[in-house]
Each structure stands twice: as structure tokens, then as C-alpha cells.
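Participant: Whenever a hint applies, use it, and build me the whole structure from the sequences.
Note that the protein sequences, when read in sequence, are chains X and D.
Numbering-wise (my numbering), the first sequence opens with residue 1 and increments by one.
Numbering-wise (my numbering), the second sequence opens with residue 1 and increments by one.
Worth flagging that the hints you see were computed from the coordinates, not collected in a lab.
Glycine is no exception: its CB is placed at the ideal position from the N, C-alpha and C atoms.
Wrong hints could be hidden among the right ones.
In silico negatives: residues of chain X with every beta carbon more than 10 Å from chain D [unchecked claim]:
| id | residue |
| --- | --- |
| 1 | T135 |
| 2 | G137 |
| 3 | Y201 |
| 4 | Q359 |
| 5 | A380 |
Derived coverage of chain X by chain D (criterion: at least 3 residues anywhere in the stretch with Cβ under 8 Å from a Cβ of chain D; other residues may be distant) [stated by the list, open to error]:
| id | stretch |
| --- | --- |
| 6 | 63 to 75 |
| 7 | 112 to 121 |
| 8 | 145 to 153 |
| 9 | 240 to 250 |
Residue-level listing of the chains:
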Amino acid sequence: MNLADRTVIVVGGGPSGLSAAATMRNAGIGRVVVVERERQAGGIPRHTDHLGFAIRDLRRVMSGPRYASRLVDIAARSGVELLTETTVTDVSGTGVTLADGTAIHADSVVLATGVRERPRAARLVPGDRPAGVFTTGSIQQLTALHHRQVGRRAVIVGAEHVSFSAMSTLRHGGCETAAMVTSLPRHQTYAVLRMATATRYRVPIHTEVDVAEIVGRRRVEAVILTDGSRITCDTVVFTGDWIPDHELARRCGTGMDRVSRSPAISASFETSRPGVFAIGNLVHPAETADLCALDGRVVAPSVARWLMGGLWPHAVAPLAVEPPIVWAAPTAVGVTLRVAEFVTGRLQASVNETPVWTQRRQRFVPNRAIHISQTVPVGASLSLVRGR
Amino acid sequence: MAHVATDRIEPFDVVVVGAGVVGSAVARLLSHYDLTIALVEAGPDVGTGTSKANTAILHTGFDAPPGSVEARLVARGYALLRDYAPTVGISIEQTGAVLVAWDDEQASTLTTLRNKAQANGYMSAEIIDPVEVYALESHLGPGVTGGMVVPDEHLIDPWSTPIAFATEAVANGCVLLTNAQVVACDSGDEITMLHIVDGRRIAARFVVNAAGLHGDTLHRMFGLDGYTIRPRRGELIVFDKLARPLLQRTILPVPTAHTKGVLVAPTVFGNVMLGPTADDIDDRTATGSTRDGLDGLLAKGRRIIPALIDEEVTAVYAGLRAATEHSDYQVSDDAALRYVGLGGIRSTGLTASMALAEEALARLQSIGLTVVDRETIVSIGLQPLGEATLRPYQTGGRIVCHCERVTADEITAACAAAVPARDFDGLRRRTRALAGRCQGFYCLAEVCALTGWPVDR
Ligand SMILES: Cc1cc2nc3c(=O)[nH]c(=O)nc-3n(C[C@H](O)[C@H](O)[C@H](O)COP(=O)(O)OP(=O)(O)OC[C@H]3O[C@@H](n4cnc5c(N)ncnc54)[C@H](O)[C@@H]3O)c2cc1C
Ligand SMILES: Cc1cc2nc3c(=O)[nH]c(=O)nc-3n(C[C@H](O)[C@H](O)[C@H](O)COP(=O)(O)OP(=O)(O)OC[C@H]3O[C@@H](n4cnc5c(N)ncnc54)[C@H](O)[C@@H]3O)c2cc1C
Chain X
1 MNLADRTVIV
11 VGGGPSGLSA
21 AATMRNAGIG
31 RVVVVERERQ
41 AGGIPRHTDH
51 LGFAIRDLRR
61 VMSGPRYASR
71 LVDIAARSGV
81 ELLTETTVTD
91 VSGTGVTLAD
101 GTAIHADSVV
111 LATGVRERPR
121 AARLVPGDRP
131 AGVFTTGSIQ
141 QLTALHHRQV
151 GRRAVIVGAE
161 HVSFSAMSTL
171 RHGGCETAAM
181 VTSLPRHQTY
191 AVLRMATATR
201 YRVPIHTEVD
211 VAEIVGRRRV
221 EAVILTDGSR
231 ITCDTVVFTG
241 DWIPDHELAR
251 RCGTGMDRVS
261 RSPAISASFE
271 TSRPGVFAIG
281 NLVHPAETAD
291 LCALDGRVVA
301 PSVARWLMGG
311 LWPHAVAPLA
321 VEPPIVWAAP
331 TAVGVTLRVA
341 EFVTGRLQAS
351 VNETPVWTQR
361 RQRFVPNRAI
371 HISQTVPVGA
381 SLSLVRGR
Chain D
1 MAHVATDRIE
11 PFDVVVVGAG
21 VVGSAVARLL
31 SHYDLTIALV
41 EAGPDVGTGT
51 SKANTAILHT
61 GFDAPPGSVE
71 ARLVARGYAL
81 LRDYAPTVGI
91 SIEQTGAVLV
101 AWDDEQASTL
111 TTLRNKAQAN
121 GYMSAEIIDP
131 VEVYALESHL
141 GPGVTGGMVV
151 PDEHLIDPWS
161 TPIAFATEAV
171 ANGCVLLTNA
181 QVVACDSGDE
191 ITMLHIVDGR
201 RIAARFVVNA
211 AGLHGDTLHR
221 MFGLDGYTIR
231 PRRGELIVFD
241 KLARPLLQRT
251 ILPVPTAHTK
261 GVLVAPTVFG
271 NVMLGPTADD
281 IDDRTATGST
291 RDGLDGLLAK
301 GRRIIPALID
311 EEVTAVYAGL
321 RAATEHSDYQ
331 VSDDAALRYV
341 GLGGIRSTGL
351 TASMALAEEA
361 LARLQSIGLT
371 VVDRETIVSI
381 GLQPLGEATL
391 RPYQTGGRIV
401 CHCERVTADE
411 ITAACAAAVP
421 ARDFDGLRRR
431 TRALAGRCQG
441 FYCLAEVCAL
451 TGWPVDR
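Facilitator: Here it is as C-alpha cells:
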């Protein structure tokens, strides 16, 4: 068996897929093909036009678009084949099928299809169905890639990191933010990010309320909140509330985490389908781009091991968690988890009720991908020991 | 030709008011004769009223009230549209349906329903026991007490149907006027003058009223009376394509006098639909959804197919049935006014549309319209939107809308068609672009760039 004779297909050319591909080529795998459905590879950072990328993987600070093209260059220089404007419609452990029916054989497949935000309908927000309702992803593309005017006065639904990022995007595009709305008691981002946006632009954050109704026949005219208040606006941006792009994973029958709706993976990114790996925000919605890129580096040796005749782990299942933890998934450097409420406590991993490790006390914030640099042993369950 | 701004005193032989599925079907049939026809629509496009928001089932009419006008026209319309659809690219799929009883009382009505079906001339309905029901639909929730199979119910693409009719009408010389709400009319001895909202006028020898929810208003403009429309709102939830394997066929409830009830049905686009609700309301424009409506649907859906509720929701919408104080369609004609009214077409008008067109033609003839066959009839073909036939992306082409797999060429073609897309809603109904699970997260910006339209067009 020789790695140089082997083919691996990576589905999705975002930070995780591109990094995986480059690292696999550098590890000696003969043919690595990244299949990307957009015109350009690079994934979400192509249109997140602000600084803060590349910190943990490339150890520098770059803007999203520069980071995206940098990752494309690195992959190309490593000899990765890049197929753009090409959609994968089905995968298995032995290859992929493209939209036009072409089958490409591979010895292994890595899924790196990323994550999107739940749009309004998926959140079942009632009311009229006017124009002017968006997600952060769509307004970023409209402003960063196509220089389009989105609206004049927006309400942002959500108060997590990406919600504040949406506020900057709107501001740059000449749209003021009338208010932010979150069902939780506080915003869920870093104080500095909040200061730099909501505080600076004097945007009120309505807490512990939801959008009860959207009003407007042709274009949004207002939103009505569950506390009865009405906010006049012509734009509503639904932010966060991540849903992984898991269609291919589910179609090929990988086991799923019912809560995160990601394919379940082992600590080395194997899914329950032999030959199919899954990485990036498809498996931990939604971490930062640099961490996704690190997943790509860590999956490479595990793919190589499989190609050299290694064994596939037999029971790949989601990590077991106890409330208020809602889900947890392995990452390149530990584990990422989510909690349902603001809570202070110690994270503990136990096997058969016996603690294996306990972290030091920290504050856990909901709606955030909380990243822990410690691995969870097989069969362990994660819980939170509350208290000061 | 399709969108002349006219102040035409030269009368059209027939003006059809309302370009929903019914009015478009009428215009199509009339365009096969040597007549001058106009199809006058208040909205910006054909099919923007009730015709775009329904459950998209081509009904056999097994449960219609026997002997009613509706029963006759649904049965006839079913056969006509089933045969016509594949010839012009309207997707249909014969999945069949199973009507499911959930308690003893419902189970006891199955025989009555089967007899009703037979009275309607539909002989293939068959009563089955719960074990057989579960054998057909293994994802049904617990508690099924019986069922009835209706093998001839079809799914149909509701968006393409009025567009195909209107496209064929226009191809055969019909003038389509959009953004042209009729606000008043003067009926003379030979000519009826219709006044349009912006001051335009249009003259007609004969008028067909296919104004859907506003049918009674137009009826009254002619000095006629007899029915009043009170909209019955139906809210619907469309689930992700990943839910499609949960059912093989349409799952119907036992109908009541008020409504056909909440069903779960596959769509030709590969999704699953849950609904509709039935609420009598006063506002004829209230096509919004409500918290109570959606929560009620989820509760019902959870009972019918529990696993469905775990799937992602792709879209939510509401349609208004043109219900009246009568249970039957309100079809009428008036020789002196040279007028045919197709009113109160509430919950089966998609199926009955082509039969309603025949009915309108017969009545027009009975009140003095003479018709001569056109020498040649131009036929048309649309790109089918359903999943059961080959889609353009499968033979190459750049996919722009990834969720629905719509290519750039389809979007460009829809904007350049004889009855073109003029806004995102029209584009969605002609191509499926933006109708998928991400609702524009990935492709809205690209679609804006391709069409050159602002985001709120
Ligand atoms: C709106 C938004 C804003 C964000 N802002 C930030 C930020 O400011 N900073 C930060 O660090 N992170 C941010 N993130 C997190 C972001 O997800 C990560 O930055 C990173 O892009 C995830 O990398 P990935 O490779 O897992 O997925 P992605 O970057 O999403 O890449 C997935 C790729 O797969 C392709 N693909 C999917 N399905 C198929 C298929 N069937 N066939 C072919 N190709 C396919 C897609 O086109 C896409 O290019 C943001 C995310 C979103 C959604
Ligand atoms: C929830 C729901 C589910 C349904 N399910 C099914 C089903 O599964 N199968 C089925 O066969 N049927 C179904 N139906 C019924 C079907 O949708 C309707 O019967 C059909 O669409 C009616 O078509 P229409 O052309 O009469 O009305 P519309 O589509 O409303 O068209 C009327 C048109 O007239 C125009 N108009 C009104 N006033 C004027 C004016 N003054 N001047 C100019 N234009 C005017 C309007 O703008 C509109 O476009 C359902 C209906 C609902 C609401």
C-alpha cells in the first residue's frame, strides 16, 4: 500500500476543506481533489470582510477575503486539484457523485460542507412575508461581494458574535440598526465586540423577547416583539442559530448528533460510515475559521492511517452530555460545546460516573461555541459542576 | 405584446378578469378560437393570488358533494389537467393518497366516504385496516384506526399551471395586462367598459369574472348579487427535502363539513407539506401566518408523522380560499350583461381550472358568443420544475441556487420568457430559485447580480 497511489476527495473548499487538502498532499497522498460548488473556493471568509482571521492556524491576523485566497494559494501550491462550480450530490466511502451524474472514485472522502444560519421560516416566525428579511450570510455577500444596498433601518435577531458582525456589515452598507433582539437575558458576545458596535452606535439590545410577528406587505415595515413593543424598520436580519449543511452526510447515512444536527465523529474525525470523514463547522457549528482550518490539519494523518489499512473505529456516536450542556463535539485541539444558559461552573468528564478530569471554574455563555483544550476519553460523558 | 399599456376602445371579444389559475385557464381555452382576448390582472404577474398558495394536489374529487357543480367540474378538470400537464411541462406525480382515521368515530365514517366516492363516479377507493395502513406508511404515529386508499390522487406543480395557461394564451394572441385592477364597469348594450385603477379603460363584448377573492366585488359592479366571499385562511408549513422519505403518498385526514382538514403531502419539488389550517377571517389580503396557526399545525403534524417535526422547516405561507355562504361554486351567466361569473372557487380550483374554462366557454356561447376554431394553435413547453423528470443541472450548467439546484441559464430564461418573471416571487415560481432551505443565505446576492434587481424587488 502506497499513499502516492491514493485519491481523496474533499467536499467543500472552505477553511477546513482547503487546509485538510493541503495537509494531505504534504503527507504524501497522491491525488487530493477539493470539490467546491461556488465560483471561488474559500468558503464563508470570502465575504466576512473584516480582520480576525488566521490567528491560530497561520499565526497572523488577516481579513476574511485575504485569508480565503491565502488558503486557496496554499492548497494550490501543495498540488491540490480544485474543482470549482462543481456540486457534489452524493457521497460514500468510495467516492462522490457530481450534479451532472459523473462519479468520481476515491479511497476516502472528507466532508467539509460548513454551516449556515437558520432563516426566518426555519425559526417559524409568524406574520407577513415581505421583502427585507435576510440572514447575516446573505447581507455579507450583498455588501462585500456585490456592493448592494440592503436597507435603511434594521432589526437584528440574535445577540451572539455573528449578530454584532452583522451590525458592522449593515453599518458599512449604510443601514442603521434600530435594535437587537435576543430571547436570552444578556447578549452573548465579548464585551469588546459589544463596545465596538452596539455601544458605539447606541443600539438598544432587547433581552428576553422574541420576534412575535413581522409586519409589512411588500417591504418590512416593523417587527412586533413578544412583549408587545413595535419597532419600525425596513430590514430584519436573522443571525446565528446555526444549522450544519448536513445533507450529504445524512444522505450517505452517517450517525447524527440529534441536537447539533451534525454528523457524529470520533476524536479523529471519522464518521460512522467507513471511509467518510467530517470536519469544520459541519461538525461543530459554529467555531471560528482558524479552528476549522486546524481540524483540516488533524484529519490528514487520520485519513492517511485509514488509507494505509488502518482500522475504522466501530461505534462512532455523539459525545454524551448532561444539561445545561446541549451538545459537544471533538475539534482539532480538544472539544467544543454549547450550553443552554449563562452558568458558572467546572466542566467535568466522567466515565461510569467517575471523574476523569475537571476543568477550572469558568463562565459559560449560551449561543457560543465554547472551546476547551482538552480531549474527552472514549465513553466519557461531559457535565457541569455548578457553583463558584 | 404581452404587456401593452392600453386605452383601447376597440373592444375585445372577451375580457377575462383575474389571472389566477382559473382566469388563465379560461384565457387559454378562448385563445384557441378566432377571438380577441384580454386577460386583465390586478397583480404584477399571473398566479400571485390564491393560486400560488395551496396544497398542490390534483384531486380526483372523491369527497366532493355528489351532484354539486364542484363535483362535476373537479372530476372533469382532474382528467383534463392530468392529460394536459405532461404535454407542456407542468410536473405531476401519481403518488396516490391514503385517508387515515384516528379514532373509532372517524373509522366509522370510512364506509360513507367510500360510498360518496362511488356516487361521484370514483370506484377505486378501497377501505383498509390499520395494519395495512402502517404497511403503506410506516412513519405514521400510533393510534391509526383505519384508512382508505385513493390511488389516483396526484401531486401537481401549482406555480407552473397558471403560467403555462397564460403562456399558451399569449402565444395564441391573448393580450395579458398586469398591474391592471378593474375598479368599475359600465355595461352598455353591446360593449362593457372596464375601468382600470390607473385610469386606463378596456372595452369588452363579453366579460368573464375570474377574480378569485374579489369575485363578489366584481359581480356587484355588474349589479349582480347572490354571494359574498369570506376568506378562509389556510396556513401551511413546508418541510426540508430530507423529510421526503418519511411518506410515500398524501396522508389525508377524515374531512369535516368545514374543511378537508390538515394533510401531510409530498410536493413535486421533493419537500413535504403540512396543512392547511382553516380560519374564517375578514381581511382579503391577510396572507400572513400566525403563532396559533403554526403551533396548531405542528401539534397535528406530530400526531400524524412524529418524525416530521424533527426536520427543518423550509417555508411557511398562507393562502385564502374564496369561501362563500354557499357550499358550492357560484357559476353564473347573464345574457343581457354578456357576463359569466366563476365565483366561490374555494378549495379545488387548481384541479377544476380546465373544466371551469370549458364551463365558461359553454356559457359564453349560450349567451351569444359565436366561436370559430383558429386555423393553427401554437403549443408551448415549459421546463418542468419537478424532481420526477430530468432537471437542467443534471446535464451541466452552472448551479446558482444550491438548495434547489437552479442553474444560471434557467434564471436568465425565466426573465426573458413570453410571460416573464418580473420580481423574485415570479422568479421563484418559475425556477424554484430562492425557494429552498437556506432562503437566500447562499444565493440571494448572486441572483440579484444575475437579474440586476434590487434586493426588495
Ligand atoms: C455569516 C457567518 C459569519 C461568520 N463570521 C466569522 C468570523 O467573523 N470569524 C470567524 O472566524 N468565523 C466566522 N464564521 C464561521 C465560519 O463558518 C468559519 O469561519 C469557516 O468558514 C468554517 O469553515 P468550513 O470549512 O467548515 O465551512 P465553510 O467556510 O462554510 O465552507 C464550506 C464550503 O463547502 C461548500 N459546499 C457545501 N456543500 C457542497 C457540495 N455539496 N458540493 C460542493 N461544495 C459544497 C460551500 O460552498 C463552502 O464553500 C462565520 C460564519 C458565518 C456563517
Ligand atoms: C390553503 C389552500 C389549499 C388549497 N389546496 C388545493 C389543492 O390541493 N388542490 C386544488 O385543486 N385546489 C386547492 N386550493 C384551491 C385553489 O388554490 C383555488 O381554488 C384556486 O387557486 C382559485 O383560483 P382563482 O384563479 O379563482 O383565484 P386566484 O388565484 O386568487 O386568482 C384571482 C386573480 O384575480 C385577480 N383580481 C382580483 N380582483 C381583480 C380585479 N378587480 N381586477 C383585476 N384582477 C383582479 C387577483 O389579483 C388574482 O390574481 C387550495 C386553496 C387554499 C387556500
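Participant: What are the numbers of the hints that this structure violates, sorted from low to high?
Facilitator: Violated hints: 1, 2, 6; rest satisfied.
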